[in-house]
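A.B. asks: Here is how the chains run, residue by residue.
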Amino acid sequence: MKKNLRSYGINMLGTLLLYAAMLLLMSSGMMDRYYQGILMSVFINVILAVSLNLTTGLLGQIALGHAGFMSIGAYTAALFTKALSSTLESASPLTSGAIFLVALLLGGLVAAFFGLLIGGPVLRLKGDYLAIITLGFGEIIRVIIENLSFTGGAQGLRGIKRLATLPMTFWIMVIVVILLFTLGRSRQGRAIIAISQDDIASEAAGISNTYYKIMAFTIAAFFAGIAGGIYAHYIGSLTAKTFGYAKSIDILVIVVLGGMGSLTGSIAAAVGLTILPELLRELLGDFTEYRMLVYAIALVLVMLFKPSGLFGRYEFSLTRLIDRLTGKYKPGKKITGKETAVHD
Amino acid sequence: MPQELIVFIKHLINGVQVGSIYALVALGYTMVYGIVKLINFAHGDFIMVGAYAALFSIPVLTGIGLPAWFCVFVAVAACALLGVVTEKVAYKPLRNSPRISALITAIAVSLLLQNLFMVCFTSSPRPFPEIFHVPDLRLGSIQINGVAVLTIVLSAVLMIALQLFVQKTKLGRAMRAVSEDSEAASLMGISVNRTISMTFAIGSGLAAVASVMYGSVYPLIDPYMGSMLGLKAFIAAVLGGIGIIPGAMLGGLVIGLVESLTKAYINTQLADAVVFGILILVLIIKPEGIFGKNIGEKV
Numbered sequence: 001m002k003k004n005l006r007s008y009g010i011n012m013l014g015t016l017l018l019y020a021a022m023l024l025l026m027s028s029g030m031m032d033r034y035y036q037g038i039l040m041s042v043f044i045n046v047i048l049a050v051s052l053n054l055t056t057g058l059l060g061q062i063a064l065g066h067a068g069f070m071s072i073g074a075y076t077a078a079l080f081t082k083a084l085s086s087t088l089e090s091a092s093p094l095t096s097g098a099i100f101l102v103a104l105l106l107g108g109l110v111a112a113f114f115g116l117l118i119g120g121p122v123l124r125l126k127g128d129y130l131a132i133i134t135l136g137f138g139e140i141i142r143v144i145i146e147n148l149s150f151t152g153g154a155q156g157l158r159g160i161k162r163l164a165t166l167p168m169t170f171w172i173m174v175i176v177v178i179l180l181f182t183l184g185r186s187r188q189g190r191a192i193i194a195i196s197q198d199d200i201a202s203e204a205a206g207i208s209n210t211y212y213k214i215m216a217f218t219i220a221a222f223f224a225g226i227a228g229g230i231y232a233h234y235i236g237s238l239t240a241k242t243f244g245y246a247k248s249i250d251i252l253v254i255v256v257l258g259g260m261g262s263l264t265g266s267i268a269a270a271v272g273l274t275i276l277p278e279l280l281r282e283l284l285g286d287f288t289e290y291r292m293l294v295y296a297i298a299l300v301l302v303m304l305f306k307p308s309g310l311f312g313r314y315e316f317s318l319t320r321l322i323d324r325l326t327g328k329y330k331p332g333k334k335i336t337g338k339e340t341a342v343h344d
Numbered sequence: 345m346p347q348e349l350i351v352f353i354k355h356l357i358n359g360v361q362v363g364s365i366y367a368l369v370a371l372g373y374t375m376v377y378g379i380v381k382l383i384n385f386a387h388g389d390f391i392m393v394g395a396y397a398a399l400f401s402i403p404v405l406t407g408i409g410l411p412a413w414f415c416v417f418v419a420v421a422a423c424a425l426l427g428v429v430t431e432k433v434a435y436k437p438l439r440n441s442p443r444i445s446a447l448i449t450a451i452a453v454s455l456l457l458q459n460l461f462m463v464c465f466t467s468s469p470r471p472f473p474e475i476f477h478v479p480d481l482r483l484g485s486i487q488i489n490g491v492a493v494l495t496i497v498l499s500a501v502l503m504i505a506l507q508l509f510v511q512k513t514k515l516g517r518a519m520r521a522v523s524e525d526s527e528a529a530s531l532m533g534i535s536v537n538r539t540i541s542m543t544f545a546i547g548s549g550l551a552a553v554a555s556v557m558y559g560s561v562y563p564l565i566d567p568y569m570g571s572m573l574g575l576k577a578f579i580a581a582v583l584g585g586i587g588i589i590p591g592a593m594l595g596g597l598v599i600g601l602v603e604s605l606t607k608a609y610i611n612t613q614l615a616d617a618v619v620f621g622i623l624i625l626v627l628i629i630k631p632e633g634i635f636g637k638n639i640g641e642k643v
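Going down the list, the sequences are from chains A and B. The letter at position 76 of the first sequence is residue 76 when you use the working numbering, and the numbering goes up by one with no holes. Converting from the second sequence to the working numbering requires adding 344 to each position, the first position being numbered 1.
To be clear, the hints were calculated from the coordinates, so they are not data collected in a lab. Where hints are given, some of them may not hold.
Here are the simulated PhoX-like pairs of lysine-lysine, each with C-alpha atoms no more than 25 Å apart in a straight line [said to hold, decoys possible]:
no. : chain 1 : residue 1 : chain 2 : residue 2
1   : B       : K630      : A       : K306
2   : A       : K306      : A       : K126
3   : A       : K241      : B       : K607
4   : A       : K328      : A       : K3
5   : A       : K126      : A       : K247
6   : A       : K161      : A       : K241
7   : A       : K82       : A       : K241
8   : A       : K126      : B       : K512
9   : A       : K126      : B       : K630
10  : A       : K247      : A       : K306
11  : A       : K126      : B       : K381
12  : B       : K432      : A       : K306
13  : A       : K306      : B       : K381
14  : B       : K381      : B       : K607
Just chain B, same shape as in the assembly (with noise of 0.2 Å):
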């Protein structure tokens, strides 16, 4: 096989590595984007806590005993509660203010996580051990990542695992409910506010196992580390169609392999201005995304 050939495999497999990581962020503001219709601005910072969360756990874990990877269920624990609380506290009480209100308070949710984690646990990166230990896996000449095949194969495990989550069961149903009409959701005796709840505390969920896998990519973490990673999955929900499921999860594997590509291609240092333009060029042509549909606005 050609040189060129297995190299450019070798990037395909790293873009949907990344891929399905910003798939599973994107799932998160997807979840809540269609149940509140809120871009929640603070959920790439939940992915910086849940990776604090996971860092600081596994010393706690290795000394009883439990393998490092465990981190993952602390990481998960951790977000969704403060996926729960965030909502909780801060955006609950303007569901019903102006949507400029319940914006510019999800951004100072994530000023102040950011800065909160900068000020306790100073801005200088951190290294991410190495928890998972998989073999690299051998297809003839081409050498594949055991990491990067957990993180595709879990990704898309949790993302059917979502998607049957959604359409089968009766919770799935009510959030589905509440998206579509939350008032005649809670006449046909749904509470919304729990269906909020948990629909925060699996998006967050989703997030902290996204940390984990990024921090097996990228073994560095910082308070600022969730920012640009958190555009980027927004950009991923926004092309697939905000607030449909399985558009996040393309949106997420097309930004992953454009932001390969372009790494290896063109300029390392044009990738996020592609990906920014990418989100442009679709909010110009298609502002529903590839799976929206367009509904006109009412009067």
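Next comes chain A alone, as it looks inside the complex (with noise of 0.2 Å):
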């Protein structure tokens, strides 16, 4: 317990670090517009990524509709703060803050009761068939906001209200992996690792699949949504175009590159994968059209030499690193996470 809380208190520390250092890097104009955009694009992408981790990683199973519940969250919390937008234009920045949360929440709300809905026919299947029918439905999730007439159709939908401030998103990151960390900590996390092991043994140890396997997709659902949510409120307009299949692999890029089971990884995976384009357009110049290329390379590399992704299962543990630093650590006797990520 004591080393819990120590251990909590160096990451809570860690992350007070993190936020003063951007506080400070924004206040004292050393971090522009451009960059405060790349760090938002950042904070994004973390959350589609580690909430995708819960699928992909801990669960196994690749889902190709992650951009499909996004759009849903975005849709919903812009559509909702427009309805309000009156009571916005009089607010002060505490009730604006207070009803962009409400935004979010509806937003992911909505995006998993979607996920719940699509999670129980999704989910009796497996594999290459989960993969296509995900597909298939963040397809047809796009084509319907095309056609419908209150979410803007093919235009799209306009003027939405830029609520989304950087220290209100990074909080919201931070909450976001400390549930999903402690979810996959936690007895339905083992669960729903051992479904990904072998599901059958997993059934017969007495774990209701259905409901975890659902539980996992309906909760990635959530978090894309809230993720959609600070996206619209981001960017200020939305098209259902951006939510497509791209998009899906997008994020499911960063979770296999991150390595599917860690959260670290898919942090670090997100953070690089969005700041490496911009760095390289900084020095090779437009570099959007190669980005995709190099992705797909760097993909096809890390299946075939290392499948688990560059973390693997490992977890970073700022904890682990100041014992080591500090020569307090000893290794053994925790057994970790087998190599193999995910089992057929």
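With the hints as a guide, bring both chains together as one complex.
C.D. replies: Pasting the structure below:
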């Protein structure tokens, strides 16, 4: 217990230091709008990646419809704040922040509702079929949004108030990561991992496969919805095309490269893959054309040489790092997860 | 004959034409799945590669005095080679790893091909020339497009030939043996690697034929043309029962007809959603497809 408290303290301190550094860079003007935009994309991608890691990493199923849930959350949250736009005009920063949070929560809940709805039939399948059917649902969501009138149709939704601020998004991201991290270590998380290792054995051990699979899928959809809501209130306009198959693949690439099952891996990959194209743009000029090509090659190479991703199932731990630096760390005893991330 | 009926028949023929293209592509998915249990996500992009190969070979072929439709052979050769190389480089090393790795690799190969072609040939669509000069067919008051007839007949011939090949020849028997139990097949003296390569070559070759026929219907090609086409063909394969050759043909025709009629009578934009809806229904109600048998999972 004491060890846990110490670990919480260290991680809390680390988070606060990061937050302070971000505030300092923002207030000193070292970070202009461009860099702030990149940072925002990093935060959104981290939320998306850690949530997809629940389905792809822990549950071990490839889902290609994550962008669909993101779009549901984005549209729900945006429509909510648009409906309240007259209130928002005169609202204090505190009230508008609260409205924003409610909008995000609503977006997440609606996305989760659809996740639950879709999850039932979808999760009876696995592997390749599950990948295709989630892709199918993602595309159906996109087509339906494009054909509805209240979502702005193919023209999209404009004039969404830009309520998403960096500090707020940072804390939302931190909370999402903490929630998913604790979930992965809880009884429920262990059940989900057991299903990914061997679903027949886990069913025989008394785990309700359907229940836990749908739970993982729904929670992942919820957080994707929240990420969508933040995205909508950061960009200010939405078009259904943004949330196509390519976006889902983008998120999947982050999770796979980072290591399926490793949250810190997903975070590292999200940060890296969001910043890298921007860095290369500065070095090599316009890089957007080659970005996806490089992603594709990287994916093939990772699958051929290190199929478990860069981190595998390994989780980076700040506490362990500090212990190691101070010489307190005693290796051994604890059995870490197997290298092979996912078992068929 | 009432005008509405003529229009309806036109839509039907159009559906069968597109459907037979889907069927050709679906055959590739089904054969590969049958033998290595992998959904070759890149199969749709093989079509795109075939279309580009055909397009670039036309000026060369006409330059040396050959008819333009010889580009079909170039496309078939290019795609067959691409299929075999892809299998050797990307899929073979992962044959014994978890299925999820192979699946991600297939998605990655698909992305790689799309983006490679986008970088090389830009994303702007290129016009595909008219290469088949077939007179239209007249049946009473109905006029049928010649290319449509050619597409339907050619696909039918190819499918019958493939079915005969798989059922009657020694190589076909080897393919069936490997798909049933590759280990036992190798013990019987069948070269599993060669059989798998051959399956990829045939499947990709069929995709190449489909690409030229597709180019004759929708004469614009771009690096992303294969992904939607491939997905629909995949749905066709699942609908008919994946791994089953006649199933792919039936599935292709059904998808083509449904799509054509949805576009004509409901809403053009909804066609894709309806096709995906079919997939979802099939997977929920009868995941093994129309012709599939339900095989229980062994522990």
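A.B. asks: Work down the list of hints and note, for each, if the structure agrees.
C.D. replies: Against the structure, the hints come out as follows:
1. B:K630 x A:K306: Violated, at about 36 Å.
2. A:K306 x A:K126: 23 Å, holds
3. A:K241 x B:K607: Given that 25 Å is the threshold and the Cα spacing comes to 20 Å, the pair holds.
4. A:K328 x A:K3: Roughly 13 Å separates the two Cα atoms, so the pair holds.
5. A:K126 x A:K247: 21 Å, holds
6. A:K161 x A:K241: 20 Å, holds
7. A:K82 x A:K241: 21 Å, holds
8. A:K126 x B:K512: Given pair K126 (chain A), K512 (chain B) is violated - Cα atoms ~34 Å apart, limit 25 Å.
9. A:K126 x B:K630: 14 Å, holds
10. A:K247 x A:K306: 24 Å, holds
11. A:K126 x B:K381: Holds, at about 13 Å.
12. B:K432 x A:K306: 18 Å, holds
13. A:K306 x B:K381: 22 Å, holds
14. B:K381 x B:K607: 33 Å, violated
Hint violations for this structure: numbers 1, 8, 14, all remaining hints satisfied.
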